[in-house]
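Residue numbers (my numbering), protein chains in the order written: chain G, 12 to 423; chain Z, 3 to 249.
None of these hints come from the bench; they were simulated from the model. One should not assume that every hint holds.
[Said to hold, decoys possible] Computed, partial: chain Z to chain G, Cβ under 7 Å:
| # | residue |
| --- | --- |
| 1 | His84 |
| 2 | Pro95 |
| 3 | Phe101 |
| 4 | Gln216 |
| 5 | Arg217 |
[Stated by the list, open to error] Stretch by stretch, here's where chain Z covers chain G in the computed footprint (C-beta under 8 Å, at least three residues):
| # | region |
| --- | --- |
| 6 | 152-161 |
| 7 | 267-276 |
Cβ atoms here follow ideal geometry from the backbone N, Cα and C, with glycine treated the same way.
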Amino acid sequence: MADLPEKFGGRQPSRVGRFLGSGGGGTLDALPPIVRRLLLPAVVILLAFTYPTWREWFTEVPVFGGLLPGIGTAVIMIVFTMMAVGLNVVVGYAGLLDLGYVAFYAAGAYTAAWLASRHYEQVTFHFGSVGLAEDVIGIHLSIWLILPIAGIFTAIIGILIGLPTLRLRGDYLAIVTLGFGEIIPQFVRNADSIKGFNLTNGTFGINPIDSPGFGSGLGAIGLPESYQQSFDRANWFYWTALLLLVFTVFCCVQLRDSRLGRAWIAIREDETAAAAMGVPLMRTKTWAYAIGAFFGGIAGAYYASFKSGAFPSDFFFNISVFLLCMVILGGMGSVWGAIVGGLFLSYLDQEGLAKIGTEIGIQDVPKYSFGIYGLLIVLVMLFRPTGLIAERRHKRELEEGVHDESLYGAQH
Amino acid sequence: MTATEANGGGTILELEDVHTFYGSIHALKGITIEVREREIVTLIGANGAGKSTTLRSINGLNRPRRGTIRFQGQVITDAPAHKIVKMGIAQSPEGRRLFPRMSVLENLQMGAFQRSGKDKDLHSDLDRVYTLFPRLAERKSQMAGTLSGGEQQMVAIGRALMARPKLLMLDEPSMGLAPIFVERIFDIIREINEQGTPILLVEQNAMMALDVAQRGYVLETGTIALADEAKALRQNEQVRKTYLGEE
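With the rest of the complex left out, here is chain G:
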């Protein structure tokens, strides 16, 4: 074993040092590697979990205090960031340009809608549902159960979409995913009468969707029975979303450093060479798709439960582009990049642009959102072509000058 895993995984320490500035570098180097590696994530997680508390301290601070996102906004930011991290597996790790990620978001949201609402009034089935009377019609599973179900269901959809399309390369794949990203929302919009069967309730969408919660039993240790009916509703949604994001990030980092992750990167670097090394192309790409879809599905289901509804108008093509922007802006292939890109862009989208508009006295700023995101991407590509937080390989490429052409027509 010895030095093998380090070459693939053990690079976090130096990054932590750089993050905390040169002043702390000397003392940090004295810490054992595992502590150094986990220090930055631990600090970030701690700050994130206590955000609802320390946000209050800054509300009086001019400008900065006003710009801090509200807790409800933060939930949406985290959900979108989860999707960006999931999409990063497909686009960043495996190099498969996916323009239809919104399909997975929709699949997750509708899974929650089917399994935790009054939509199927033919049946009355409760299992672990919270905050509802026993005799409420429809299927009502616990949201905690629905999250993994949505993930798996969406992953299966990812595999079904992937099998016929992943044989394609590059632009062709992008165009087909674009197609599927349109087909699924269109299907959802129109599937209110499949031979008389109302699957999705068409353009009206499905609402209300049940809330997460812990039921009446755990109230004694301070856990709310139902988030929606809870006194600090937003905070509970926020902490849960954060846990889901931490879980997503953990999985994606572990996957990156696994054998499968290496295979993804090999495919991204050179598909033919990867095949010649014995990487099973179809299976490896399909895994990337399925795993990307899995997290998209969980995020979608959670979001549907948070806003208590799933509506076809939420699943337009621009969401796919928006998520892709997050990954590109943050740095393709970089998990930290996807997090920063996701939080930043979804903040601007939800609150930031409007607040900035108010600050500078131009109310129309949010109208130009996609123009602004486009400009941001152009600027980042000009000045930081590898994204805000570059993936290690891209970064080294920039520093050491890896040149692709030398591989083919090299003169000694």
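Chain Z: place on chain G using the hints.
Chain Z alone, transformed into the frame defined by chain G:
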């Protein structure tokens, strides 16, 4: 296995009347070749004669439309590429095709992808590659894309060896290299073969290839024009004129 016994001489790879197409282009028009245990066999021929296509047909990247390929007696004509690697055919592909943004070590590890997990073996294999190419040990953490052409060729061959191949296929290992590097690469090819690995060598540098090989095939526009002992091919008038550049 029965086929191996029947052939007596220990044939490891057999191609029988293989036809391969690129779309509608008929690139291989009935290729029949064989590689025996412990041999170096070379395919020579002009650009576009079908040398690389032959290798791509064997390793599953470009399936033949007709004909049979057998490896150690098993038919592999329609096997997927990763199964073929797993069975023991590894290659250094045309144009080397390293992973430019992976380090030398990571490239070598990718070579062992099909059997990674048994890390002890991996270490002894790495040692073997570093012994053959001491330069790579010095550069193991450097990104492959920053290496010189000669070093890249070393990585490409080393990477193929990491698969512990029962048959090694090398596609144009001398391409684009300075003469001194070409000499060294061919020394190493000989050395790998002496350690027991049969090699199927595709080369434009017919002189060097026939020097190192026991047998050779001359390809012309998708067919075998000549098949003989390497020595005999070197004496052959036509080969000398066309491929060895002699008057």
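Hints, one by one, checked against the model:
Because the closest C-beta pair between His84/Z and chain G is about 4 Å apart, less than 7 Å, the hint holds. The beta carbon of Pro95/Z comes within 5 Å of a beta carbon in chain G, closer than 7 Å, and the hint placing it at the interface holds. Satisfaction of the interface hint for Phe101/Z is found here, the shortest Cβ-Cβ separation to chain G being roughly 4 Å, below the 7 Å cut-off. Checking Gln216/Z against chain G by beta carbon gives a least distance of about 25 Å; that is not within 7 Å, so the hint is violated.
Interface restraint check: Arg217/Z against chain G, minimum CB-CB distance 25 Å, threshold 7 Å, status violated. Note: the region 152-161 of chain G has 0 residues with beta-carbon separation from chain Z under 8 Å; the three-residue rule is not met and the coverage is violated. By the rule of at least three residues with a Cβ nearer than 8 Å to a Cβ of chain Z, the coverage given for the region 267-276 of chain G holds, with 4 such residues.
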